[in-house]
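Novice: Sequence:
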Amino acid sequence: MQGKAGVQQKALYTGNSVKSMHVSVEASLKKLRTSYIDILYVHWWDWETSVEEVMNGLHTLVQQGKVLYLGISDTPAWLVSQANQYARDHGKTPFVIYQGMWNVMDRSFERDIIPMCKAHGMAIAPWGVLAGGKLRTDEEEERRAQSGEKGRVMMDPEWKRNDNERAMSAALEKVAKEVGAKHITAVAIAYVMQKTPYVFPIIGGRKVEHLQANLEALEIILAPKHIQYIESVIPFDPAFPTTMIGDGSGYNFLMNSAAYFEKQPSVRAILPDSS
58 MQGKAGVQQK ALYTGNSVKS MHVSVEASLK KLRTSYIDIL YVHWWDWETS VEEVMNGLHT
118 LVQQGKVLYL GISDTPAWLV SQANQYARDH GKTPFVIYQG MWNVMDRSFE RDIIPMCKAH
178 GMAIAPWGVL AGGKLRTDEE EERRAQSGEK GRVMMDPEWK RNDNERAMSA ALEKVAKEVG
238 AKHITAVAIA YVMQKTPYVF PIIGGRKVEH LQANLEALEI ILAPKHIQYI ESVIPFDPAF
298 PTTMIGDGSG YNFLMNSAAY FEKQPSVRAI LPDSS
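In terms of the working numbering, the sequence shown is numbered consecutively and its last residue is 332.
All clues stand as given, with none of them false.
Within a straight-line C-alpha distance of at most 27 Å, the following computed BS3-like cross-link-like pairs (lysine-lysine) qualify:
{"id": "1", "residue 1": "K149", "residue 2": "K123"}
{"id": "2", "residue 1": "K320", "residue 2": "K175"}
{"id": "3", "residue 1": "K175", "residue 2": "K149"}
{"id": "4", "residue 1": "K264", "residue 2": "K234"}
{"id": "5", "residue 1": "K282", "residue 2": "K239"}
{"id": "6", "residue 1": "K175", "residue 2": "K282"}
{"id": "7", "residue 1": "K282", "residue 2": "K234"}
{"id": "8", "residue 1": "K76", "residue 2": "K123"}
{"id": "9", "residue 1": "K234", "residue 2": "K217"}
{"id": "10", "residue 1": "K231", "residue 2": "K264"}
{"id": "11", "residue 1": "K264", "residue 2": "K217"}
{"id": "12", "residue 1": "K282", "residue 2": "K231"}
{"id": "13", "residue 1": "K87", "residue 2": "K149"}
{"id": "14", "residue 1": "K231", "residue 2": "K217"}
Read the hints as simulated data drawn from the structure, not as lab findings.
Please work from the sequences and hints to get the whole structure.
Specialist: Structure representation (structure tokens):
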């Protein structure tokens with residue numbers, strides 16, 4: 058929609074209203090030259106449109122055959138839970154996959170998002186898995202300094218690593234040597250893929266060798282000691298109430314003070330074939 062000369066007005070393309078959904082989906086179908094979209098993401102929560110309107114509008118698109126599955130990204134866990142519960146209570150289509158930032162440097166994703174995905178049976182598509190390209194060896198950093206190849210600076214104009222990024226890179230390099238990996242980025246990818254089930258990381262790359270290095274993540278297995286070592290580099294606070302009652306992976310002290318309990322294993326991530 059064009060208003061005054063030189064002033065672009067795109068209100069109909071902004072937000073999560075039914076009107077915005079209609080305009081966006083119809084435009085995407087035309088550009089993609091297809092009759093349906095496999096996964097339609099609500100890119101972020103606009104804090105204006107109600108849960109009811111969002112889920113009713115999305116369900117209509119599914120009923121029309123224009124969308125097969127629904128995803129959501131960059132939205133608080135409590136809102137996604139509320140939306141999915143509304144969908145199930147009213148016979149609507151729920152979200153089946155969540156997209157958000159998660160990497161070895163920033164694990165805040167693990168506080169509420171991952172538990173929510175487990176509870177609702179949702180897959181996870183993390184972005185920023187390689188921390189914006191800041192996970193690299195000292196050798197690679199020196200090579201870039203000499204060649205002038207800085208890499209991505211879109212989100213952060215400073216291309217060099219800070220102290221935490223250097224410490225994490227060194228830890229990933231140590232683990233890579235122990236598991237027989239050639240690239241530390243493969244270890245960073247394997248971390249998110251093997252930490253919880255149904256993880257499909259979104260990874261960018263500018264070169265063919267980047268793709269080849271990333272694919273190495275499908276061939277390595279991180280032992281619990283490797284996971285623990287990686288997580289020890291940068292302190293992480295799971296926050297209350299997890300710090301008090303745990304995350305459900307085991308019984309907390311309140312339960313164990315009453316009796317002995319044997320915890321049944323939960324669904325785990327699929328690991329590469331070690332044979």
